[in-house]
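Got chain E sorted already, so can you dock chain V onto it with the hints?
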Amino acid sequence: MSAPRAFAPILMILALGAALPFVTSSNIILNGMVTTLIVALAGYGWNLLGGYGGQFSFGHAAFFGTGAYACALLQQRCGVNAWVAFASAITIGGGVGFIIGYLSFRSGLRGSYFALVTLAFAEVFRIVVNASSFFNGAAGVLLELDARPGNFQFASRAAYYEVALGLVGVALLSTRALERSRLGAYLVAVRENENAAKALGVDTLKTKLQAISLSAAFTAAAGAFYVQYFLFINPELGFGASISIEALLAPIIGGLGTAFGPLVGAVALHELGELTQWLLGSLPGADMALFGVFLVLIIAFARGGILGLLSRLGRGVHGMAGEVMP
Amino acid sequence: MLAPDILLAAVLNGLMTGAVYALVAVGLTLVYGVLHIINFAHGAILSAAMFAAYFASLAGVDPYIALIGLAPLFFAAGYAAQRLIISPASHGDDQNVLLVTLGLSIVIENVLLTAFHSDTRSIDVPYGFASVDLGFAFLPLPRVVAFAVACVVSAALWIGLHHTDTGKAIRAVAKERYGATLVGIDVAHVYAVTFGIGAACLAIAACLLLPSYYVNPRVGEAYVLVAFTVVVFGGMGSVPGALIGGLMIGVIESLTGLFFGESLGQLGIFVLFIVMLLLRPTGLFGARA
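In order, the protein sequence lines correspond to chains E and V.
The first sequence maps to residues 6 to 331 in my numbering.
The second sequence maps to residues 1067 to 1355 in my numbering.
Just so you know, the hints here were simulated from the structure itself, not pulled from any lab data.
Keep in mind that the hints are not guaranteed to be accurate.
[Said to hold, decoys possible] Covered by chain V, according to a simulated footprint, are these stretches of chain E (three or more residues, beta-carbon under 8 Å):
| # | stretch |
| --- | --- |
| 1 | 51-64 |
| 2 | 129-135 |
[As the list claims (entries may be wrong)] Counterexamples of contact, computed for chain V against chain E with all Cβ distances above 10 Å:
| # | residue |
| --- | --- |
| 3 | A1122 |
| 4 | L1124 |
| 5 | G1135 |
| 6 | L1168 |
| 7 | I1172 |
| 8 | F1195 |
| 9 | L1207 |
| 10 | A1221 |
| 11 | V1249 |
| 12 | D1252 |
| 13 | V1253 |
| 14 | G1323 |
Built from N, CA and C at the ideal position, the CB exists for glycine as well.
The shape of chain E in the complex, shown without the other chains:
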């Protein structure tokens, strides 16, 4: 695919998205979109490792929470500027990803073992943060309200929305760039047949380490943005199972291993959640139960997710659902 054909659809969709606040100024819609974009961003992180690399993590909350806590604590304890804290949180998240990846991939953990160990890491992080006074325990960390752009806090929802969209845009473009890079090709080779990739001279450990570091960095960015938006984080919100699940649901429902998958999936999840709420009222857990059903149905009948379905129906936009997993 030539560069214009690869990147033009992305830029067009981002431009369309950026115009949303000029169409509506409803805080409810914008708020819904911001939370959707946070899930999408976490999903982009998951998709790099799980979608392209075939390594299914069940504990991406470890990175989300790390990003959120790093961003909040650097500001609160060390007085670091919010933007610097945000960038540092992403780096720290990537570092944690590298360490977890190094430990598990070096020991040759794959498949369900890898899923288990990531789940355990997220749980260890949650318990440690919950029990330690350094992280403020179960009470969580509250950021001081000081709405200045220089402080990564905005008075209007629209500004938050544009920043979130920008972050998702970076994730989308990076994913597309990855698809076109050597690393992307190596990753897909690892996903399809790790032993064969190794035999052909791919340094599989290095490939997987690069993937998990990038993956963790994007998910950490989602966590750091979350804390800037809500100005609050606690162990359950940061490291709980629900964010790990949402991070993997978005790409799987949208289209595993595709550039648009996490965004489409996050929007679908959001709409599905709204629909359940509209139909059933605010029953706790009803939306998640439906997501679970959706996950099983997608795996049973449409492995390529929503994008895969669209392209199978022949209505797929070119370059959008071009390389859906079989």
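Same frame as chain E, but now just chain V:
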């Protein structure tokens, strides 16, 4: 320094808890050994079983008696879940199974949450606070019963696996799936039976836990993470490994709790879990991986 009898009491208490861990883990390890998949819905099924036992007890049936009805009921449910949902939905791909069982666990857990909210409930039984006096330590009666029943069930499972036709078929499929097909074993049936046994073990564990524990939609989650640890510790797929692993984990938890405080008791387990996974994923007893 702690007095030896406190230490001994902690070890005994750990063994009592460990027996229930072992029972939860046996189901998990059996499914792994035969189907080569990790059943991520294990915890949610345990929560569901605890709710079933809870409502049975509200209806006036003692949990220890409800066990007799719930075990076959959950066996049937597990059998059906594998036969009708997990197997057809995953098209024989291991990564799909992982996601399907995760999906099932999300559904079960959240349906429970929708139906019963996140309130924590417990039942009141006359023997709830009774204890057994050993002279140097008191052991809560419900946990002693749990220990005894867990041991009996494990022994029965062991005998069943080695001396019945179904048990032999299960072990044959675990060892060599295609070979088993060739000698005429119905593999899909064996898979579903194994899954059913796993669910039945959970129903029994739920009935044993209820008199001394609480129930809420996420109660199973804590147990299942421990069960994963036990399974990895004892070797994926090894039944004796799960038993010994369960007992050891119970003791480790009890001792970590004694030395470092209650909230860190579980932390010891997870750290051990990660270290085990990284250093010796085949487990202490080196089961076939």
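Hints, verified against the model:
1. Check on the stretch 51-64 of chain E: 3 of its residues sit with their Cβ under 8 Å from a Cβ of chain V, so the three-residue criterion for coverage holds.
2. For the stretch 129-135 of chain E, the proposed coverage by chain V is satisfied: 4 residues have a C-beta within less than 8 Å of a C-beta in that chain, meeting the threshold of three.
3. The non-interface label for A1122(V) is consistent with chain E: the shortest C-beta to C-beta separation is roughly 23 Å, beyond 10 Å.
4. Distance check on L1124(V): its Cβ is at least 21 Å (rounded) from any Cβ of chain E, clearing the 10 Å threshold; non-interface status holds.
5. Every CB of chain E is more than 10 Å from the CB of G1135(V) (nearest about 26 Å), matching its label as outside the interface.
6. For L1168(V), the condition that its CB be more than 10 Å from all CB atoms of chain E is violated, with the nearest at approximately 7 Å.
7. Not every C-beta of chain E lies more than 10 Å from that of I1172(V), the closest at about 3 Å, which undercuts listing it as non-interface.
8. The non-interface label for F1195(V) is consistent with chain E: the shortest C-beta to C-beta separation is roughly 28 Å, beyond 10 Å.
9. With a cut of 10 Å on Cβ distances, L1207(V) stays outside the contact zone with chain E, its closest approach being about 30 Å.
10. Annotated as non-interface, A1221(V) keeps its C-beta farther than 10 Å from every C-beta of chain E; the closest such distance is 28 Å.
11. Consistency note on V1249(V): stated as away from chain E, and its beta-carbon is indeed over 10 Å from all of that chain's, at 28 Å minimum.
12. Consistency note on D1252(V): stated as away from chain E, and its beta-carbon is indeed over 10 Å from all of that chain's, at 23 Å minimum.
13. Once the 10 Å rule is applied to beta carbons, V1253(V) is consistent with being away from chain E; the minimum gap is 20 Å.
14. Against chain E, the non-interface label of G1323(V) holds: every CB pair exceeds 10 Å, the least being about 12 Å.
Figure legend: structure checked against the earlier numbered hints; hints not met, in rising order: 6, 7.
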